[in-house]
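Colleague: Starting from the given sequences, assemble the full structure and let the hints guide the process.
Residues per chain are reported as follows:
Number of protein chains: 2
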Amino acid sequence: MRTLTAWVPVGFPDVQPGDDIGSMVLDMFRFNDVAPEDHDVLVIAQKVISKAEGSVINLGEITPTPAAKELAAQAHKDPRLVQVILNESSAVMRVRPGLIIAEHRLGFICANAGVDHSNVGLGENWVTILPKDPDASAEAIRSRMEETFRVHVGVIINDTHGRPFREGAVGVAIGVAGLEPLFSYVGQQDLFGYVLRTSIEGVADELAATASLLQGQGAEGTPMVLIRGGRFKPGIGSLVELLREPKKDMFR
Amino acid sequence: MRTLTAWVPVGFPDVQPGDDIGSMVLDMFRFNDVAPEDHDVLVIAQKVISKAEGSVINLGEITPTPAAKELAAQAHKDPRLVQVILNESSAVMRVRPGLIIAEHRLGFICANAGVDHSNVGLGENWVTILPKDPDASAEAIRSRMEETFRVHVGVIINDTHGRPFREGAVGVAIGVAGLEPLFSYVGQQDLFGYVLRTSIEGVADELAATASLLQGQGAEGTPMVLIRGGRFKPGIGSLVELLREPKKDMFR
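Going down the list, the protein sequences come from chains W and U. Residue numbering for the first sequence is 0 to 251, as defined by numbering that gives the first Met the number 0. Residue numbering for the second sequence is 0 to 251, as defined by numbering that gives the first Met the number 0.
I should point out that these hints are in silico values taken from the structure, not numbers from a laboratory. Heads up, a few of these hints could be off.
As the list makes no split between identical chains, a pair holds if one copy fits it or if it spans any two.
[To be verified] SDA-like cross-link-like pairs, simulated, lysine to any residue; straight-line CA separation at most 25 Å:
| id | residue 1 | residue 2 |
| --- | --- | --- |
| 1 | K246 | D18 |
| 2 | K247 | L121 |
| 3 | K246 | A74 |
| 4 | K131 | N31 |
| 5 | K68 | L25 |
| 6 | K232 | G220 |
| 7 | K232 | G120 |
Modeller: As structure tokens, this is what we get:
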């Protein structure tokens, strides 16, 4: 019998721009008398990383360009919000009333390029954008945990993204440190000796989805999840490994 | 502090066509001295359901049509395998050498319409196809668990699917019983009173992904996972709720 356990400390403090998120994570371990172990994975929600790093924008200070105004009319959205979305995007993939699906400058494809009104807490006009370099944000937390607890852990920054074909957003990794985000079964034998030829599993996204089941999106203050027992290989890790090369993608 | 726990009994027996998978699940609980509780979710891999239900095909008995031969030439695949893929599909979405992405007759989109060589164990020429009605397969196990243990649980049949834009396959639900596969935050307030307008989470897929972290795809005999502590609402549930209406999908 093997077990995977994920625990979420409740009552993670409200995060303000400039806060030291690494210290907050370490404090949550101490307050809950839990110590991370080797091969644990810490998953932390993008929203608190963005806030701590000051990746927040006051729409009141944004002047939309004509391109943003035109896209805003198509999408039935605030032109200032659309300007922020364009600033965060390398390409607009699809538009319809109520929805802009963009390729974020980091390479993944999601609604509104990750620009979000919820759980900001700075006032009506404020939105969060995604962290500037989520791999670096993850690595900063990972190295703090290694220093403090002398453990080798993985760290994932997660967000919830919609996806083609299926309803419901799911947790995905947008930043990775300390683990290989893909786990390859290629060359291994199955239960009956058949050699697996194509099985590569997106374990970082599966870990991100597991965390999402505990984080919620409402008024709970539960952005941090520690997962023990997941199947992955330690490594340097990067979001980049999770992104399919555009020219190899058949659904763009 | 809240916790999610997933455990997988190791040594699930080899499944043969005609086996009673419900009994095998109940036995695994008994052998491991674990009792399911209300609000647990049992996730079980498609592969063992297909085998028990006889959803296995001997390619030696398949005669490909000209259409299958043509597609096989495009995809560099065995024409008999391609015939089975076509029989399982309502539409072929994309083709390139080595890959056929199809809309399965059940409505989801995946590689090879779920037809698979691995972990079959009946001989070189055999493949599994997906269960005829995975919601019904899930419901049969759910009702057996309710009868035996007097508990209200959710049951998910899972498989690993690739997806657009991102590398790595992830666990997804292809059959659901006893839980609502989508969890809506719409109308709830966030941490700061902002009313969430668009947040619907695909919790059945997140549970399927969590299970996938423990199941693996190699020679392990670990198709069954019990998850405790996941966020979902009990309900009748169906795969259908997870499928986006084709006309609303912007990436077909």
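Colleague: A separate judgement is required for each hint: does it hold in the structure or not?
Modeller: Against the structure, the hints:
1. K246 / D18: Result: close neither inside a copy nor across copies, 40 Å intra and 45 Å inter.
2. K247 / L121: Neither: 41 Å inside a copy, 34 Å across copies.
3. K246 / A74: between (27 Å within a copy, 18 Å between copies)
4. K131 / N31: Classified as neither: same-chain Cα gap 30 Å, cross-chain 47 Å, threshold 25 Å.
5. K68 / L25: Neither: 44 Å inside a copy, 60 Å across copies.
6. K232 / G220: Classified as between; 21 Å across copies, 30 Å inside a copy.
7. K232 / G120: Cα proximity of K232 and G120: none, with 37 Å in one copy and 28 Å across.
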